[in-house]
Each structure stands twice: as structure tokens, then as C-alpha cells.
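Numbering follows the working numbering, in which position 112 of the sequence shown is assigned residue number 112; successive positions increment by one, without gaps.
To be clear, the hints were calculated from the coordinates, so they are not data collected in a lab.
Treat the hints with care, as some may be off.
Said to hold, decoys possible - Label-pair distances were calculated between CB atoms; the ranges are:
no., residue 1, residue 2, range
1, Val113, Ser38, 17 to 25 Å
2, Lys101, Lys23, 21 to 29 Å
3, Glu93, Lys23, 29 to 37 Å
4, Lys112, Glu47, 32 to 40 Å
5, Asp71, Val33, 17 to 25 Å
6, Asp71, Lys101, 12 to 20 Å
We put the beta carbon where it would ideally sit given N, CA and C, even for glycine.
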Amino acid sequence: MKKLITFAASALIAHSAFAADKKPLTLDVYNAVPSSFSVNSTVVYGETEAMVIDAGFTKADALRIAAKVLDSKKELKTIFISQADPDYYFGAETLHNIFPKADIITTPAVQKVIEEKMAGKLAF
Numbered sequence: 001m002k003k004l005i006t007f008a009a010s011a012l013i014a015h016s017a018f019a020a021d022k023k024p025l026t027l028d029v030y031n032a033v034p035s036s037f038s039v040n041s042t043v044v045y046g047e048t049e050a051m052v053i054d055a056g057f058t059k060a061d062a063l064r065i066a067a068k069v070l071d072s073k074k075e076l077k078t079i080f081i082s083q084a085d086p087d088y089y090f091g092a093e094t095l096h097n098i099f100p101k102a103d104i105i106t107t108p109a110v111q112k113v114i115e116e117k118m119a120g121k122l123a124f
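Make a model of the complete structure from these sequences and hints.
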């Protein structure tokens, strides 16, 4: 299910975000360490812009993802959160602090679960 959501979101966002680009998109996958639950985050690059799919679990994860974007010299436009588990979105604040113009988006269903469970996840 995650792959389907990620693919659909990537296709939709990439199509609109990179509509003017003539070159194919590039994917750069960050593989988190086991202590971050081995969650993968993907940076999708077009000719001039980038998007991140899943922001990582820790600040260190988010900083490593940010380094990929900065090294690409592309403008980060979108941070897409695909799942409601903290290992997919806890890094979003760090990424947004580095890239304040980037939009953070998710599906309504994921947003609802995050909002319902955020306090408990932070307390844990």
C-alpha cells in the first residue's frame, strides 16, 4: 500500500511540479539506520526543483536528507509525508527549518491519524 501511495503521490506531484522540465526525474534514496527503523526517504529531482518523500525519524536523518537536496543545488518545493508513523514525519520540522519555502503535504487520512496520535507519540 505504501508503494502505491508513494508512486501515486510522486506521479501527481512530479507531473505538476516538474511540468516544464524536459529531462527525466532522478530518484535518490536515503536508507535510514536500524535505530531509525530503516525507513527509506526519497528525494525526487527535476531539472531545477526537488521534492522529498518522507522526512525521516530523527534530526540526523532529516539533516542527511537535507544534505542530498543541498548537494543537488535544486530548490526543494515539497515534502510529502506518506505514512502516519513518526519515523516518516518526525524529521519534517528540521527539513522545513532548512527549506522554509517548501510545502509539507500528506493525504487527509494520514493527516487525521497524525493529529490523533501526535501527543501520545511525543510523550513516548
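Status of the given 32 to 40 Å range, CB of Glu47 versus CB of Lys112: Given about 35 Å between the Cβ atoms, the range holds.
Range agreement (Cβ of Lys23 with Cβ of Lys101, hint 21 to 29 Å): holds (23 Å)
Val33 and Asp71 - C-beta distance against the hinted 17 to 25 Å: Check passed, 20 Å falls within 17 to 25 Å.
Taking 29 to 37 Å as the hint, is the beta-carbon distance of Glu93 and Lys23 inside that range? Between Glu93 and Lys23, where Cβ atoms are some 32 Å apart, the hint holds.
Is 12 to 20 Å right for how far apart the beta carbons of Asp71 and Lys101 are? Given a distance of about 18 Å, which is inside 12 to 20 Å, the answer is holds.
So does Val113 sit 17 to 25 Å from Ser38, Cβ to Cβ? holds (21 Å)
In terms of the numbered hints stated before, the structure departs from none.
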